[in-house]
Amino acid sequence: MGQLILGQLLNGAIVGTLYGIIALGVTLTFGITGIVNFALGAFMMLGAYMAWFLTDEAGLAYPLAVPCAVAITALAGLLADQTLFRFTRNNLVNGLLVSIGLIAVMEGGALLLWTSTPKNMEYVLPGVFTFFGLVVPKMKLVVFLVLLGVILATYAALTRTWIGRAAYAYSQNPEAAELMGVRTKVMQSGVVVYSTGLAGLGGALYASLYSIDPTMGSVYILKAVESAILAGIGSVMGSLFGGVLLGITEGVGSIYLPIAFRDAYGLIFLVAILLFKPAGLFAGRR
Amino acid sequence: MTASARVLVVAAAFALLPVLIKSDFILTILVFSFLLGMLAVSFNLIFGFTGQLSMFHAAAFGIAAYATHLAMVHLGVSFWTGMLLAATLVAVLSLIVGIICFRFRLKEFYFAVVTLAFSEMARLVVLNWNSVTNGTLGIILQDKPSLWLPGQGVVKVDSTLMWYFISLAALVLTVLVCLRVISSWMGRSFAAIRLNDELGDTLGINVFRYKLAAFAAGNLIAAFTGSLYAFFLGSIEPGFLSIEQSLAIVAMVLLGGRGAVAAPVIGALVLTSLPHLIHFGAEVRSIVYGSILILTILLMPQGIYGTLSNLGRRRRAA
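Residue numbers (this note's numbering), protein chains in the order written: chain C, 1 to 286; chain Y, 1 to 318.
Misleading hints may appear alongside valid ones.
What the hints assert, rightly or not - Below 20 Å or equal to it, Euclidean Cα-Cα: the simulated SDA-like pairs (lysine to any residue) are:
#1 Y:Lys107 with C:Ala272
#2 Y:Lys22 with C:Lys277
#3 Y:Lys107 with C:Leu92
#4 Y:Lys22 with Y:Asp158
#5 Y:Lys156 with Y:Arg105
#6 Y:Lys22 with Y:Arg6
#7 C:Lys185 with C:Cys68
#8 C:Lys277 with Y:Phe102
#9 Y:Lys107 with C:Lys185
#10 C:Lys277 with Y:Arg103
#11 C:Lys277 with Y:Arg105
#12 C:Lys277 with Y:Phe104
Claimed, not checked - Simulated restraints, written as ranges between beta carbons of each label pair:
#13 C:Glu122 with Y:Asn130: 29 to 39 Å
#14 C:Glu122 with Y:Leu161: 54 to 64 Å
#15 C:Ile5 with Y:His279: 49 to 59 Å
What the hints assert, rightly or not - Computed footprint of chain C on chain Y, listed as stretches where at least three residues anywhere in the stretch have a Cβ under 8 Å from a Cβ of chain C:
#16 10–23
#17 96–110
#18 117–126
#19 297–306
Hint data in this document are derived by calculation from the structure and do not stem from the laboratory.
Note that beta-carbon positions come from the ideal geometry of N, C-alpha and C, so glycine has one too.
Given only the sequences and the hints, what does the whole structure look like? Please build it.
Now the structure itself:
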C-alpha cells in the first residue's frame with residue numbers, strides 16, 4: 001500500500017509538471033495580455049504531432065526533433081498572435097472566444113491531416129530506474145527534469161534579468177512601463193509566442209510517453225487552468241506547485257475514491273479554492 | 001411597431017411556412033433551429049443582458065433532458081409533468097450554484113470557471129452513473145409527448161409538422177417573456193449590473209438578487225428546451241452536458257447578436273442549418289465553425305443583427 005501511494009505520488013508529480021508547463025503559459029499570458037488562452041491545449045497537441053512526425057516519419061533524432069517541434073509551435077503561436085490575439089488584448093471574453101474558435105480550427109485541421117486514430121511514438125529511451133523497489137521509466141524522469149528545468153529557468157529569468165523587471169513594471173502599470181522604455185507591443189507578442197512554445201515543449205515531451213490524438217489538448221488546458229488558479233494566477237512557481245498538487249491529488253485520490261470521478265477531484269478542489277481563498281494558495285508570492 | 005408586435009409578425013410568417021415547404025428535411029432543421037434558438041435566447045438573458053458568462057447552460061439543458069425521461073419511467077408521469085418536475089429540479093440546482101457563485105461575488109472569468117466546474121461535475125455524474133443514465137451510450141427515447149387537440153382528442157406528437165408548431169410556439173413564448181422581462185424594471189437592473197455592478201450596488205440595486213434571478217430564469221428556460229429537444233431527437237447522451245454544447249450556445253448568441261432579445265435565433269438558424277445545407281465532413285465542420293466564431297468576434301462584434309441594424313440606421317440617417 002505504501003508503495004502504491006509513493007508510486008502515485010511520483011506519477012502525480014510527473015504529470016503535474018506537464019500541467020505546470022501549460023499553466024505557466026496560461027499565467028504569463030493572463031498577466032501580460034489580460035486574456036486566458038484556451039488554445040494552449042491545441043498548441044500542445046501541435047507540438048506533440050510535430051515531435052511524432054519529425055521523429056517517426058521524417059527520421060530525425062528525438063533530441064533534435066523536440067527543439068524543432070517547439071520552434072514550429074512557437075511560429076504558429078506568432079501567426080495566431082499577429083492575426084488574432086493582437087485584436088483581443090485585455091478583452092477577456094473576446095480572447096476566450098477567439099481562442100476557442102482557434103481550438104476548433106486546429107483540432108479540425110489535425111483530424112484532417114492525421115485522423116482521429118491515436119499515434120504512438122516508438123520508444124525513445126527504453127528502460128527503467130529502480131529506487132527502493134519503485135519502478136520509474138527512464139523517459140518519464142527525463143521529461144520531469146526537462147520541464148522542471150524550463151520552469152525554473154523561466155522563474156530565474158523573471159526574477160534576475162531586465163526582462164523580468166520589464167514584465168513586472170508592465171503588469172503594475174502598462175503606461176508608465178512604456179514611458180520607461182519597455183516595448184510593450186513586443187512584450188505582449190513575445191509572451192504569447194513564449195507560452196505557445198512552452199505548450200509545444202509540453203506536447204513534444206508528452207508524445208514520447210503517451211499516445212497522442214487531436215483532442216488531447218482539451219483535457220490538459222482545463223487541468224492547466226485549474227493549476228494556474230489553484231496557485232493564484234500570476235505566480236510562476238505557483239503554476240508548478242499548482243500543477244504538481246493537482247497531479248498528486250488525482251493520483252492519490254484515485255487510490256481511495258472511484259477512478260471514474262478522477263477528473264472531478266481537481267474541480268472540487270478548484271471550486272473550494274476559488275470560494276475560500278480566491279487569490280490562490282500562494283497568494284502574495286511571485 | 002413594438003418589439004413584441006414585430007416578433008408576432010415574424011412568428012406568423014413562420015407559422016404559414018409549412019404551407020409552402022413540405023420537405024420533412026427542412027422542417028426538421030427548422031425545429032432544431034427553433035429549439036436551439038430558444039436555448040440561445042435564454043442564455044443571452046444571463047450573458048448578453050446581465051453580463052455573466054455562464055458555462056452552466058448545457059448542464060441545465062442536459063439535466064432536464066435526463067430528468068424528464070427518468071421521471072416518466074420511474075414515476076410514471078406524462079411528458080408534460082415530467083418536464084415540469086425536471087424544470088423544478090434544474091431551478092433548485094441553479095439556485096444552489098447561483099447562490100454559491102454570487103454570494104462569493106465571483107465575476108467574469110472566475111464565474112465562468114466555477115460554473116464550468118459544476119457543469120463538468122454534472123456531466124461526470126451522468127457519464128458514470130451507468131445504472132440510471134446508461135453511461136456513454138445514452139438512452140433511446142421511444143415515447144413521444146401526447147397533446148390534446150381540438151377535434152382530434154389526445155394525440156401523440158410524432159409528426160415533424162406538429163413538432164414544428166410546438167417548437168415555434170415555445171420559441172415565441174420564450175422571446176415574448178424575455179422581451180417583457182428586459183423592458184421592465186428587472187431588465188434595467190440587469191443592464192445596470194452588466195455595465196457596472198458596483199455602481200449598481202451603490203444605487204440600491206440588489207446585485208445578488210438580480211444576478212440570481214437572471215441565472216435561474218435563463219436556466220429554467222434551458223430546462224424546458226432540454227426536455228423538448230431530447231424528445232424530438234429521440235435520444236439523450238452525456239454530450240448534452242458537454243463544454244462543447246455550452247460553447248455552441250455562446251457561438252449562436254455571438255453570431256446572432258447579444259444586443260436584442262430575438263437576435264440569437266438568427267445565430268441558431270445559421271449555425272444549425274449551415275452544416276446540413278452544405279455537406280461537410282466532421283473535421284471541416286469544426287474548422288468552419290471555429291472560423292465563423294473567430295471572424296464574428298473580430299469583424300462583427302455585434303453579430304448579424306447588430307451589424308444589419310447599424311447599416312439600416314446609417315442609411316436612414318443619410
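Evaluation of the provided hints:
no., hint, in the structure
1, Y:Lys107 with C:Ala272, "holds, 16 Å"
2, Y:Lys22 with C:Lys277, "violated, 59 Å"
3, Y:Lys107 with C:Leu92, "holds, 12 Å"
4, Y:Lys22 with Y:Asp158, "holds, 16 Å"
5, Y:Lys156 with Y:Arg105, "violated, 47 Å"
6, Y:Lys22 with Y:Arg6, "violated, 26 Å"
7, C:Lys185 with C:Cys68, "violated, 26 Å"
8, C:Lys277 with Y:Phe102, "holds, 15 Å"
9, Y:Lys107 with C:Lys185, "violated, 28 Å"
10, C:Lys277 with Y:Arg103, "holds, 14 Å"
11, C:Lys277 with Y:Arg105, "holds, 12 Å"
12, C:Lys277 with Y:Phe104, "holds, 10 Å"
13, C:Glu122 with Y:Asn130: 29 to 39 Å, "holds, 37 Å"
14, C:Glu122 with Y:Leu161: 54 to 64 Å, "holds, 58 Å"
15, C:Ile5 with Y:His279: 49 to 59 Å, "holds, 53 Å"
16, 10–23, "violated (count 0)"
17, 96–110, "holds (count 6)"
18, 117–126, "holds (count 5)"
19, 297–306, "holds (count 3)"
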